[in-house]
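Residue numbers (the working numbering), protein chains in the order written: chain A, 1 to 80; chain B, 1 to 80; chain C, 1 to 80; chain D, 1 to 80; chain E, 1 to 80; chain F, 1 to 80; chain G, 1 to 80.
Possibly wrong hints are sitting among the right ones.
[Stated by the list, open to error] Pulled a few chain F residues facing chain D out of the computed Cβ check, cut under 7 Å:
hint	residue
1	Asn37
2	Asp39
3	Asn43
4	Leu44
5	Ile45
6	Tyr61
7	Arg63
8	Val64
9	Ile65
10	Val66
11	Arg67
12	Asn70
[Stated by the list, open to error] Below, computed lysine-lysine pairings styled on DSS-like, alpha-carbon distance capped at 30 Å:
hint	chain 1	residue 1	chain 2	residue 2
13	B	Lys26	F	Lys26
14	C	Lys15	C	Lys56
15	C	Lys32	E	Lys53
[To be verified] Cβ-Cβ distance ranges computed for the label pairs, FRET-style:
hint	chain 1	residue 1	chain 2	residue 2	range
16	E	Val57	C	Ile58	11 to 21 Å
17	E	Asp55	C	Asp39	23 to 33 Å
18	A	Glu77	C	Ile58	46 to 56 Å
19	G	Asp48	F	Asp39	20 to 30 Å
20	F	Asp54	B	Asp54	35 to 45 Å
I should point out that these hints are in silico values taken from the structure, not numbers from a laboratory.
These numbers were taken from a predicted model, which means no experiment stands behind them.
We put the CB at the ideal spot given by N, CA and C, even for glycine.
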Amino acid sequence: MSQTSAKRPLTTLQKNTKKNVIVRLKNEVEYKGKMDNVDSYMNLIMTDAEELKDDKVIANYGRVIVRGNNVLFIKLESDL
Amino acid sequence: MSQTSAKRPLTTLQKNTKKNVIVRLKNEVEYKGKMDNVDSYMNLIMTDAEELKDDKVIANYGRVIVRGNNVLFIKLESDL
Amino acid sequence: MSQTSAKRPLTTLQKNTKKNVIVRLKNEVEYKGKMDNVDSYMNLIMTDAEELKDDKVIANYGRVIVRGNNVLFIKLESDL
Amino acid sequence: MSQTSAKRPLTTLQKNTKKNVIVRLKNEVEYKGKMDNVDSYMNLIMTDAEELKDDKVIANYGRVIVRGNNVLFIKLESDL
Amino acid sequence: MSQTSAKRPLTTLQKNTKKNVIVRLKNEVEYKGKMDNVDSYMNLIMTDAEELKDDKVIANYGRVIVRGNNVLFIKLESDL
Amino acid sequence: MSQTSAKRPLTTLQKNTKKNVIVRLKNEVEYKGKMDNVDSYMNLIMTDAEELKDDKVIANYGRVIVRGNNVLFIKLESDL
Amino acid sequence: MSQTSAKRPLTTLQKNTKKNVIVRLKNEVEYKGKMDNVDSYMNLIMTDAEELKDDKVIANYGRVIVRGNNVLFIKLESDL
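Next comes chain A alone, as it looks inside the complex (with noise of 0.2 Å):
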């Protein structure tokens, strides 16, 4: 396998900018929409986001920064 499909988990979430997610935080809340960027230590811009709790969703966000210590897992846009 070539060392450039197996990039290491930061830089592929770079890779993964301007693109859609679903962000579950650990208090399992989740943000889907596009990840406007995002830094080493996961904190992450969202746009045009959706909070979802239990499948529904409970509020939008236009443009939100969550902080990175919260953050559980990030699904990338192929499952989107």
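For chain A, the structure is supplied; the task is to place chains B, C, D, E, F and G on it using the hints.
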């Protein structure tokens, strides 16, 4: 997409000083007001801030310094 | 807006030493009194402080050192 | 026993990229799939992953990045 | 106000070694006794210390080393 | 007592690789098996490990990597 | 008071290796036995240790390595 439009989260946050934001903390309480300043740890000064719990105003603050490690997310002005 | 009016949070905090503040900790207890000093970790010395829980005074402290990692926010004097 | 057979945990983990693993997080949820990559913080990319709770599949992920600090343990392929 | 009267929290703490203090930990238990020594992490040695819960003495310690990260606050001698 | 007999904890831990241990995690679950390797963060590889809860075997693992920050203690072979 | 009698906490802790201690962890469980060694993170090796919960012996350990971040306090031999 130009590099200019893809600012890192902390740069974007810094550019939003003096604008209105809503800060949600890990304990689910929110602070809505002007983000007078912020540092890279997400310590921030809020002025003329309302404290909200379950969308109800429960207190008002002329000027308050929030310790960054408590921050869940910061909703930027374009939403408000 | 001038740079002077946009101090970083820790600089503003430092400038408020010897003034009255209310410090809320993560355990929801508050300390109201003079912030005798503070460092960049938000360790702080409070003098002549009241300890409040649910807005009731439950104890008084002549001088107490609070460990910074417990701090939720610090409300500055202009509010009091 | 040869030094070769006694790899440090993070070296062993790195050698298992592209293999199937089960990752259990601190919140007791498990992710079973291919570990596409991993870094020294245990941030990892899972592909074609099932999310399991109490041994039941509750969701499927094409590609998901798990933040390393949430990891409890990673079960390696020889078990699966 | 002179600089002398505005010591940083850790300097003030250090100057109070060999004096009586009450240390409250995050688990709400308190230790009342002589602070034999302390370091910048707030690790501290207490001697002839009473352990208090809800203001009742529940144990006595000739000499105990408390790990600093558990400390909520330290009440200084002038109060006791 | 000679210096040789007073090894630092991480040195002693390292010398016990390839021996049987019981690792208890903060969530009270235990892993009993061979500690194939360990690093200074207490990340460790267990092989042929039983997972125990309340002293009952609830799962078996051929090879599992435990993230060190979850470790409560490691019981060494001389006990087993 | 001489400088000699005012050792820093970690120095005092180090001088108590090979002596009996009681270690209380954050989960309220205690370990009573000989502190065979300890490092500056408070990782420690206990030998011939009893595990106590609510003052009752619930297990015995020939040799156990406790991860330092779990430590609440360490009661030194002069008390035992």
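Here is what the structure says about each hint:
1. Asn37: This interface hint holds because 5 Å falls under the 7 Å limit.
2. Asp39: Status holds, d = 5 Å.
3. Asn43: With Cβ-Cβ at 4 Å, under 7 Å, it holds.
4. Leu44: 6 Å, holds
5. Ile45: Hint holds; F:Ile45 Cβ to chain D Cβ min 5 Å, cut 7 Å.
6. Tyr61: 6 Å, holds
7. Arg63: Result: holds, 4 Å to nearest chain D Cβ.
8. Val64: 5 Å, holds
9. Ile65: 5 Å, holds
10. Val66: 5 Å, holds
11. Arg67: 5 Å, holds
12. Asn70: 6 Å, holds
13. B:Lys26 - F:Lys26: 22 Å, holds
14. C:Lys15 - C:Lys56: Roughly 28 Å between the alpha carbons, so the hint for C:Lys15 and C:Lys56 holds.
15. C:Lys32 - E:Lys53: 23 Å, holds
16. E:Val57 - C:Ile58: 11 to 21 Å: 19 Å, holds
17. E:Asp55 - C:Asp39: 23 to 33 Å: Holds, at about 30 Å.
18. A:Glu77 - C:Ile58: 46 to 56 Å: Check passed, 52 Å falls within 46 to 56 Å.
19. G:Asp48 - F:Asp39: 20 to 30 Å: Holds, at about 28 Å.
20. F:Asp54 - B:Asp54: 35 to 45 Å: Roughly 39 Å apart at Cβ, these two residues keep to the hinted range, so it holds.
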